[in-house]
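S.K.: Throw the hints in and build the complete structure from the sequences for me.
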Amino acid sequence: QIVATGRAEHARLGVAVQEVNQTLADSFKLPSPEGALVSSVEKGGPAERAGLQPGDVIRSADGQRIVSSADLPAIVSMAKPGDALKLEVWRKGESTSLSAKLGDAGAKPAATAQAGDVLLSVNGTPVGSVEQVRQMVAKSPKSVALLIQRGDERIFVPVKVG
Numbered sequence: 001q002i003v004a005t006g007r008a009e010h011a012r013l014g015v016a017v018q019e020v021n022q023t024l025a026d027s028f029k030l031p032s033p034e035g036a037l038v039s040s041v042e043k044g045g046p047a048e049r050a051g052l053q054p055g056d057v058i059r060s061a062d063g064q065r066i067v068s069s070a071d072l073p074a075i076v077s078m079a080k081p082g083d084a085l086k087l088e089v090w091r092k093g094e095s096t097s098l099s100a101k102l103g104d105a106g107a108k109p110a111a112t113a114q115a116g117d118v119l120l121s122v123n124g125t126p127v128g129s130v131e132q133v134r135q136m137v138a139k140s141p142k143s144v145a146l147l148i149q150r151g152d153e154r155i156f157v158p159v160k161v162g
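For the sequence shown, the numbering used here gives the first residue as 1, with consecutive numbering after it.
Warning: the hint list may mix true and false statements.
Label pairs and their computed distance ranges (CB to CB) [as the list claims (entries may be wrong)]:
{"hint": "1", "residue 1": "L98", "residue 2": "P141", "range": "26 to 36 angstroms"}
{"hint": "2", "residue 1": "D117", "residue 2": "K160", "range": "14 to 24 angstroms"}
{"hint": "3", "residue 1": "P54", "residue 2": "V133", "range": "28 to 38 angstroms"}
{"hint": "4", "residue 1": "D62", "residue 2": "K139", "range": "14 to 24 angstroms"}
{"hint": "5", "residue 1": "V159", "residue 2": "L24", "range": "31 to 41 angstroms"}
{"hint": "6", "residue 1": "D26", "residue 2": "G151", "range": "34 to 44 angstroms"}
{"hint": "7", "residue 1": "V133", "residue 2": "K92", "range": "16 to 26 angstroms"}
{"hint": "8", "residue 1": "D26", "residue 2": "T96", "range": "36 to 46 angstroms"}
{"hint": "9", "residue 1": "S95", "residue 2": "Q22", "range": "11 to 21 angstroms"}
Since the hints were derived computationally from the structure, they do not count as laboratory data.
Ideal Cβ placement from N, Cα and C applies to all residues, glycine included.
M.R.: This is how it looks when you write it as structure tokens:
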């Protein structure tokens, strides 16, 4: 996409999520404090159409376990608009499966590194050194999702490797 058009499409699910701590896990009767707790759902968006509700805890997406709330946007960032995302959701003490057809976040210019950007994580894992980033990228066969802090904004940038 970027080479052909200079633009990249970005998928969106249309939810705001937060971390699940031990107290929330106990409140929701979760077996462990993992997942992405849905705090709000965009009206008319892909998540609402799929049946997601505030209070749902997304435990996996397309078979990838979600340990931290940061894992979900990383997974969504690697998908394309129109892709179906299979979700395992914890709701009212039991697990259920949903499928969400991802929407288009709108075409944006291809993300590039800029002076002042701060790399926070690679594939949802916080990084603290250039060497750590190199090692993580080297271990990834196809692509990585970089979480970048730019001013007040945090954005995920998908990068194909190899």
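S.K.: So, against the hints stated earlier in the document, which numbers end up violated here?
M.R.: The structure breaks hints 7 and 8; every other hint is satisfied.
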